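Student: Sequence:
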Amino acid sequence: MGKEIPSRSEDYSQWYNELVKKADLAEHSDVRGCMIIKPYGYSIWEKMQQALDKMFKDTGHVNAYFPLFIPKSYLAREASHVEGFAKECAIVTHYRLKNAEDGSGVVVDPDAKLEEELIVRPTSETVIWNAYKKWIQSYRDLPILINQWANVVRWEMRTRLFLRTSEFLWQEGHTAHATSNEAVDETLQMLNVYADFAEQHMALPVVKGKKTEGEKFPGAIDTYCIEGLMQDGKALQAGTSHFLGQNFAKAFDVKFTGKDGKLEYVWGTSWGVSTRLMGALVMAHSDDDGLVLPPKLAPIQVVIVPIFKSEAELNAITEKVNQIMTELRKHNISVKFDKRDTYKPGFKFAEWELKGVPVRLAIGPRDLENGTVEVARRDTKEKQTMKMEEVAVNVLVLLDEIQKNIYQKAFKLREGMTTRVESYDEFKKVLDGKTGFILAHWDGTKETEAAIKEETKATIRCIPLDTIEEKGNCVYSGKPSSKRVLFARAY
RNA sequence: CGAGGUGUAGCGCAGCCCGGUUAGCGCACCACGUUAGGGACGUGGGGGUCGGAAGUUCGAAUCUUCUCACCUCGACCA
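One point on numbering: in my numbering, the residue at position 171 of the first sequence is 157, and numbering is uninterrupted.
Hints were generated in silico from the structure; no laboratory data involved.
Note that the structure is predicted; figures quoted are calculated from it, not measured.
Any given hint could turn out to be false.
Stated by the list, open to error - Subject to a maximum C-alpha distance of 20 Å in a straight line, what follows is the list of computed SDA-like cross-link-like pairs (lysine to any residue): (1) 40 with 320; (2) 465 with 433; (3) 40 with 28; (4) 84 with 68; (5) 306 with 367; (6) 58 with 24; (7) 196 with 449; (8) 469 with 376; (9) 282 with 44; (10) 33 with 319; (11) 443 with 407; (12) 282 with 299; (13) 415 with 217; (14) 58 with 41; (15) 439 with 421; (16) 84 with 73; (17) 443 with 208; (18) 465 with 476; (19) 282 with 201; (20) 24 with 285; (21) 373 with 308; (22) 43 with 55; (23) 367 with 410; (24) 316 with 391; (25) 202 with 421; (26) 369 with 402; (27) 58 with 137; (28) 43 with 97; (29) 196 with 178; (30) 58 with 81; (31) 241 with 130.
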């Protein structure tokens, strides 16, 4: 690395791409638009999965798995849903190959055409609601609170590592409820789960809000989201939670008999976050030396680098290191001892910094003599020397401090990059200059929203939930408005 | 699908305009030695259908035509 984080967006893209590859997170596959998540990248995703999964279970959810393929007719049941996804579907039309007659290889066997084409799921509402129809008869069957960890395919025109790939990993929650209120509560509860995860685990401050009509999920009544701000001033939608009303229940004819004996359609929600969060993690915290991982998501929280000339020296160091590792593990700290003799310490320092390991310990002959350890933190790059026996406890505190510091840094960045504007001129000036979030009045029409997007590429990220009612005029049309909404250019 | 660009060793590139020894450089890789508290150095070595096909020519990485792939930017999107 060694070069500054570029601010101009095209340079930033390139920088991001390079970092993802250099830090060994992922690379583009030869398969169009797809991505190979490498072991180090995947281990971070696993940490995210574990933390999210626990939060889902703590809120009463269970995991299940539904099919990858969706019969075409299912997808067509809900009008706006199919319209929203039709343009980006991968479709299975045949089930067999055969040898080409001219010997040029294998070809699709035209005799093996499927009666009904299968869609590779872009999301699972339709298969799941089709199943719920069979599962639900009475209010006693409700609520159903299911989550699925899966892959989905959306045939995107242009792809970017983690942020947009043709296939991606995610979780999708799909719940069914007896009342509208209960479903709305669920939608907001999961939005809060996502916000807590982003802020407490990813150290990424987010704005909770509601999508406009134009930006909401196809098939939803309301879409709620969390929006984060990246270091280049662009917004990233990090998670969504949808109140589906009775739309899918009606499309799939899912009814239940209530306590009062009346038949009613079921109320639904769905919510998801994807490997896109990995992109958010990279773009929110990285610096000129590489990744900066929040300790709670770092697969390796502490790396120990020995400094030695001879094997005897390494053995002496290893003995001490083993003691330290035992201590650290007692505190549930994940630690790696990098005793490769094929690389020099300086190289290892740089490599682990690139990979974002929060804390590094270095132990050499000097330390053996003095009974000390050099402790370096990734976020500030500060180094200090500690007594060997105090290391474990100190590191535990340090990890916590790093987690908080990274969040604070991101929070301050977002605060500095959030601007309230009163006029369209001011609005455009911010986008030309410092960029970031813009809080502005909007007349609530989709025409204005579309015109602003067309002219500035900025979109309404959300109508923040904590927005305060205040009288104002739309920056574009001048019409009266009762609250500010959040604008930004987005990924 | 629109506009640009790039294909030469694992990666990054030079050579091409103006055809001509054995296709070159940096990084990476392998061996040996010296090194080791912030990305080591020396010496030696291995690795190429120059994206593919056809053509022009005594001779093509280089010129012509066709073709394929990828990248960046737009439109679309989590």
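Student: Run every hint past the structure and note whether it holds.
Tutor: For each hint, the structure was consulted:
no., hint, verdict
1, 40 with 320, "19 Å, holds"
2, 465 with 433, "13 Å, holds"
3, 40 with 28, "18 Å, holds"
4, 84 with 68, "33 Å, violated"
5, 306 with 367, "24 Å, violated"
6, 58 with 24, "33 Å, violated"
7, 196 with 449, "5 Å, holds"
8, 469 with 376, "53 Å, violated"
9, 282 with 44, "18 Å, holds"
10, 33 with 319, "13 Å, holds"
11, 443 with 407, "17 Å, holds"
12, 282 with 299, "33 Å, violated"
13, 415 with 217, "19 Å, holds"
14, 58 with 41, "34 Å, violated"
15, 439 with 421, "15 Å, holds"
16, 84 with 73, "29 Å, violated"
17, 443 with 208, "23 Å, violated"
18, 465 with 476, "26 Å, violated"
19, 282 with 201, "32 Å, violated"
20, 24 with 285, "13 Å, holds"
21, 373 with 308, "16 Å, holds"
22, 43 with 55, "27 Å, violated"
23, 367 with 410, "42 Å, violated"
24, 316 with 391, "24 Å, violated"
25, 202 with 421, "24 Å, violated"
26, 369 with 402, "28 Å, violated"
27, 58 with 137, "18 Å, holds"
28, 43 with 97, "47 Å, violated"
29, 196 with 178, "13 Å, holds"
30, 58 with 81, "15 Å, holds"
31, 241 with 130, "13 Å, holds"
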